[in-house]
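Please arrange chain B on chain A, whose structure you already have, making use of the hints.
Those sequence lines, one after another, are chains A and B.
Note that the working numbering gives residue 52 to position 52 of the first sequence, counting from 1, and the numbers run on in steps of one.
Note that the working numbering gives residue 109 to position 109 of the second sequence, counting from 1, and the numbers run on in steps of one.
Because the hints were derived from the structure by calculation, they are not lab data.
Treat the hints with care, since some could be wrong.
Unchecked claim - What follows is a set of in silico ranges between Cβ atoms, one per label pair, in the way DEER data are often shown:
{"hint": "1", "chain 1": "A", "residue 1": "E41", "chain 2": "B", "residue 2": "D154", "range": "23 to 31 Å"}
{"hint": "2", "chain 1": "B", "residue 1": "L87", "chain 2": "A", "residue 2": "E41", "range": "47 to 55 Å"}
{"hint": "3", "chain 1": "B", "residue 1": "K69", "chain 2": "A", "residue 2": "W104", "range": "22 to 30 Å"}
{"hint": "4", "chain 1": "B", "residue 1": "L87", "chain 2": "A", "residue 2": "I38", "range": "17 to 25 Å"}
{"hint": "5", "chain 1": "A", "residue 1": "G105", "chain 2": "B", "residue 2": "L91", "range": "29 to 37 Å"}
{"hint": "6", "chain 1": "B", "residue 1": "G70", "chain 2": "A", "residue 2": "V187", "range": "43 to 51 Å"}
Keep in mind the model is a prediction, meaning the values are calculated, not measured.
Every residue, glycine too, gets a C-beta built ideally from N, C-alpha and C.
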Amino acid sequence: MTLLQLFLTFMKIGVLGYGGGLAIIALVYDSIQQFGTISEEQFANWVAITQVTPGPVGLNIATFTGYGTAGIIGSVVATLGVAIPAFVIVSVVCKVLFKYMNSWGVQGALTGVRPATIGLVGTALVTLVKPAVVGDSRLGASYIAALGNTSLDWVAIGITAITVYLIMKKKMNPIIVLLIMGAAGAVLQA
Amino acid sequence: MWELIVVFLKLGIFTIGGGIAMVPILQDVLIREKKWYTEQEFVDMIAICQSLPGVVAINMATYVGYKRKGFLGSVVSTLAIVLPSWLIIILICKGMAVLSDNTYLNGALAGFRAAAVGLIIAAVISLGKMIITNAWSVAAAISAFVLIVFLHVDTAIVILIFLALGVLSAAVNRKNLAKAADEEGGDR
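Just chain A, with the same shape it has in the complex (with noise of 0.2 Å):
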């Protein structure tokens, strides 16, 4: 029973998640009360993991909020349930908007919304760049704790420099570059 609970409201989420990331926090975090299982500072507490570690957000939090319902089982299901409306909308959009591409409709709906698009993912910057190079963000540190600290965090600074020049000036491979950063910060910061 819990688990088909589980299942259906992380479809509800799916469903209703726009923007997908840190936009369903809220939503997720209403969601899972009825489950009463999960506290305000553990939630706080995954929000924050799930920013820092590997994998999209969304579903990093269907992940540990199943998990702590209902375990391994409750993680799958929580994890599909999430996926899976998505999954539908997506495919069934395709299929339609991939016969329609050349007309002029479509193509002057996409001509319209390419340069917002930069601008869009420009915003992921704001998300990201709090927790990663304002203050400290630790792993398992609270969520409200790592977005009210604002001492600048030079070393991290630099690597996001680096970075931007590694690929753009060397067309370096983006994995290799994070794996190189990664290895740099576990040396500085240790």
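This is chain B only, laid out in the frame that chain A set:
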């Protein structure tokens, strides 16, 4: 099919933060390495995935998989992106206390995060160079940023506004073209 699985497993591991953090790596793989997408097609993909409900990362995996290999491709890509993050979180749940006290791991994650910021800056610059070509597009990019970050307008709504503006201007252009063609015809 294997290519799709490998690409999205990698993305599942190396995406730090929300779905948009996938953009730099996806850009490198789809445009430069595999040459499956042009810059324009890539930006279209982002816009469409952001305007639909659901976790953006899943939307992108489904979209790319579907475009490449149809329904089966979308299933495979979606599962591939889910798997690594699911596994990582389960491991963290199991050994949280040990992990959160490890300074090396914390340092590595901090390095990852800072590098992810750099990757997105590079993505914005390189995509911007391709897409932002006139005054209108500069204004559109800046106003989208301002609307979302400072005025807290929902991302999906911002995209819908610009989609609508695009259709509108295309409709007006069509009308003008038709009119011009008519007048030309009348002169003869």
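When you take the CB atoms of L87(B) and E41(A), is the distance between them in 47 to 55 Å? violated, 25 Å
Regarding G105(A) and L91(B), is the given constraint of 29 to 37 Å on their beta-carbon distance met? violated, 47 Å
Does the Cβ distance between G70(B) and V187(A) fall inside 43 to 51 Å? holds, 46 Å
Starting from the hint 22 to 30 Å, judge whether the C-beta atoms of K69(B) and W104(A) obey it. Given range 22 to 30 Å: holds, Cβ gap about 28 Å.
Beta-carbon spacing of L87(B) to I38(A) - inside the hinted bounds 17 to 25 Å or not: Hint holds: Cβ distance 21 Å, inside 17 to 25 Å.
Please check whether E41(A) and D154(B) have a Cβ separation lying inside 23 to 31 Å. Because 28 Å falls inside the window, the suggested range holds.
In the structure shown, a violation is registered for the earlier hints numbered 2 and 5, in ascending order.
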